[in-house]
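Single-letter residue listing:
There are 2 protein chains.
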Amino acid sequence: MELLDGKKLSHQIKEEIKKAVAMRIEKGLKIPHLAAVLVGNDGASLTYVGSKVRSCEQVGFKSTLIRLEDSISENALLLKIKELNNDMTLDGYIVQLPLPKHIDDEKILLAIHPKKDVDGFHPANFGRMALEMESFIPATPFGIMEIFKRYQLDISGKHCVVIGRSHIVGRPISILMSQKGQIGNATVTLAHSRTKGLEKLTQKADIIVSALGIPNFLKGDMVKEGVIIIDVGITRVVDKNHPKGYVIKGDVDFKDVSRKSSYITPVPGGVGPMTIAMLLKNTLLSCERNTN
Amino acid sequence: MELLDGKKLSHQIKEEIKKAVAMRIEKGLKIPHLAAVLVGNDGASLTYVGSKVRSCEQVGFKSTLIRLEDSISENALLLKIKELNNDMTLDGYIVQLPLPKHIDDEKILLAIHPKKDVDGFHPANFGRMALEMESFIPATPFGIMEIFKRYQLDISGKHCVVIGRSHIVGRPISILMSQKGQIGNATVTLAHSRTKGLEKLTQKADIIVSALGIPNFLKGDMVKEGVIIIDVGITRVVDKNHPKGYVIKGDVDFKDVSRKSSYITPVPGGVGPMTIAMLLKNTLLSCERNTN
Chain A
11 MELLDGKKLS HQIKEEIKKA VAMRIEKGLK IPHLAAVLVG NDGASLTYVG
61 SKVRSCEQVG FKSTLIRLED SISENALLLK IKELNNDMTL DGYIVQLPLP
111 KHIDDEKILL AIHPKKDVDG FHPANFGRMA LEMESFIPAT PFGIMEIFKR
161 YQLDISGKHC VVIGRSHIVG RPISILMSQK GQIGNATVTL AHSRTKGLEK
211 LTQKADIIVS ALGIPNFLKG DMVKEGVIII DVGITRVVDK NHPKGYVIKG
261 DVDFKDVSRK SSYITPVPGG VGPMTIAMLL KNTLLSCERN TN
Chain B
11 MELLDGKKLS HQIKEEIKKA VAMRIEKGLK IPHLAAVLVG NDGASLTYVG
61 SKVRSCEQVG FKSTLIRLED SISENALLLK IKELNNDMTL DGYIVQLPLP
111 KHIDDEKILL AIHPKKDVDG FHPANFGRMA LEMESFIPAT PFGIMEIFKR
161 YQLDISGKHC VVIGRSHIVG RPISILMSQK GQIGNATVTL AHSRTKGLEK
211 LTQKADIIVS ALGIPNFLKG DMVKEGVIII DVGITRVVDK NHPKGYVIKG
261 DVDFKDVSRK SSYITPVPGG VGPMTIAMLL KNTLLSCERN TN
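So the sequences go chain by chain: A and B. For the first sequence, my numbering assigns the number 11 to the initial residue and increments by one for each residue that follows. For the second sequence, my numbering assigns the number 11 to the initial residue and increments by one for each residue that follows.
Derived by calculation from the structure, the hints in this document are not laboratory data. Among the clues, some could well be false.
Any copy, or any two copies together, can satisfy a pair, since identical chains are not distinguished.
Think about it this way: if two alpha-carbon atoms lie no more than 27 Å apart in a straight line, the pair counts; the simulated DSSO-like pairs of lysine-lysine are [claimed, not checked]:
#1 168 to 229
#2 92 to 210
#3 40 to 206
#4 40 to 270
#5 270 to 206
#6 190 to 117
#7 214 to 234
#8 37 to 270
#9 206 to 159
#10 37 to 190
#11 206 to 111
#12 90 to 234
#13 234 to 168
#14 111 to 190
#15 270 to 214
#16 17 to 265
#17 210 to 254
#18 168 to 111
#19 125 to 92
#20 234 to 210
#21 159 to 29
#22 40 to 90
#23 111 to 18
#24 168 to 125
This is chain A alone, in the form it adopts within the complex:
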């Protein structure tokens, strides 16, 4: 069993991005600039956004945190979005979800200019990705593809079961893995809450990508010997013995499954850290596309 060390990989990627920024500075080119919009004071959101901003600093990006009151109207937020779309100093920005209930997520998402949508959530980017055109790929599936690439895992012709059909993980990774290209050509089955006989599917899979959000769901007897496991689950589970009061659990019963797997991502330290690295990568790509 070999660990797919997302933490290590994300450091490597960040180092590469840092070098690319240094090179740009040397050449007198624009420094990538990412903004994050945070509405309200949700604890988890604050943590995520904070970590994104810190990562920007690590690689030498300019970053801007825009904090808005919980009570902001939808129209006022849309005006802010318009302002960010027109801000030529910005290469990309993200709007941290969830938004307050009185705001329509979809309306906000659609207002983001696709060329600044470094989260890759806008349908124009999603469609371009699915139709194999240049786009921003959502950070989590982008990170998973990068793990395959950097560990030189050959997924071509392999049978992959993706568990979960979310718009930001399950659906896009199922598309990416089955496309043509250097990393791709897998035969992908997309399983979900309505799937019958999931175990029979996972037991035959060469690769399993689990993006379900149920801690320790995938057990050893559900997988075959030599399987490659990508665990996208990050559920906070209460743990009074832990200083934070919770621990992060993946979808995979690591101890049980890792005995049979050839490669496996740990949680934490697997897919999670890759997500931020790929958000930075998208921001760099945007800057390069805009100014090179």
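Fit chain B to the known structure of chain A by using the hints.
Chain B in isolation, oriented as in the chain A frame:
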């Protein structure tokens, strides 16, 4: 074995559209208007476009055929597209493919305004479809979903194998069938040219959608008893005994497979006629979205 009679269904749908148009006329509302752009003189393209125009007439739509010389420059075609985008009398238009080699298909496709893209090929529509927003669904997968709906075939939780990952059939139908919704929730495996052990997959499938383009590819020993078969193949095979000099063949060895299937689409008369009906449906939807 029951035949999934696309010819009959498409007549029904056209009748419904015809009634909707008559109702619109009665209410003094706009008559749906579809335009088709045909560049050059390709025989098959002429047949397809001709049949689309005739179908418009059948249901009472206004239709416009725009024929352009093979030698038209890319820029001139782009100007034409711009003109069509701005033509408020048009609810939608299609650009018949293939285009001459000196014209970049992708550039033309991207120039079509998504709100007039009744073929549903623009990435903005594709992305909206994949993210479950209101969109134009490409006519062939839309037609297949309509077959499931009108024959009340319950695909929820069923295992479906889609063969072929094209942007206009395999990829979108694999997405649509696995989405939530009244018709959906299937567990879909997308197979393609790089898939290993295809037979083992098809032998277990409850539903097979074949969009491969290889005549008589799917044989009886590749499917299980009771399978539902959707044959999207329409390959012209030379046949000197036929007045046209060719016959249309599907991907499925009909005689062999139909002995085991519970439901099966014939070729011709299955998915083919549904495609034109759904193009008309998209045009009507566009007209309703614009003017109601």
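State whether the alpha carbon distance between residue 270 and residue 206 is at most 27 Å within one copy, between copies, both, or neither.
both (24 Å within a copy, 23 Å between copies)
Which holds for residue 190 with residue 117 at a C-alpha limit of 27 Å: within a copy, between copies, both or neither?
between (33 Å within a copy, 21 Å between copies)
With identical chains treated as interchangeable, where does the CA-CA distance between residue 234 and residue 210 reach 27 Å or less: within a copy, between copies, both, or neither?
both (10 Å within a copy, 17 Å between copies)
Reference check for the pair residue 168 and residue 111, CA-CA at most 27 Å: within, between, both, or neither?
Answer is neither; intra-copy 42 Å and inter-copy 35 Å both fail.
Checking an output row: residue 206 and residue 111, CA cutoff 27 Å. Within, between, both or neither?
neither (34 Å within a copy, 47 Å between copies)
Intra- versus inter-subunit Cα pairing at 27 Å for residue 111 with residue 190
Between copies only: 23 Å across chains, 40 Å inside a chain, cut-off 27 Å.
For the identical chains here, do residue 90 and residue 234 meet the 27 Å Cα criterion within one copy, between copies, both, or neither?
neither (50 Å within a copy, 57 Å between copies)
Pop the pair residue 168 and residue 229 into one bin, within, between, both or neither, using alpha-carbon distances up to 27 Å.
both (21 Å within a copy, 24 Å between copies)
Measure nothing new, just compare the shortest in-copy and cross-copy C-alpha distances for residue 159 and residue 29 to 27 Å and report within, between, both or neither.
Cα proximity of residue 159 and residue 29: one copy only (20 Å, versus 55 Å across).
Checking residue 168 and residue 125: alpha-carbon separation at most 27 Å within a copy, between copies, both or neither?
neither (34 Å within a copy, 38 Å between copies)
Quick one: residue 40 to residue 90, C-alpha cut-off 27 Å, is that within a copy, between copies, both, or neither?
within (23 Å within a copy, 38 Å between copies)
27 Å Cα cut-off: does residue 125 pair with residue 92 within a copy, between copies, both or neither?
both (13 Å within a copy, 22 Å between copies)
Comparing the model with each numbered hint stated earlier shows that hints 2, 3, 4, 8, 10, 11, 12, 17, 18, 23, 24 do not hold.
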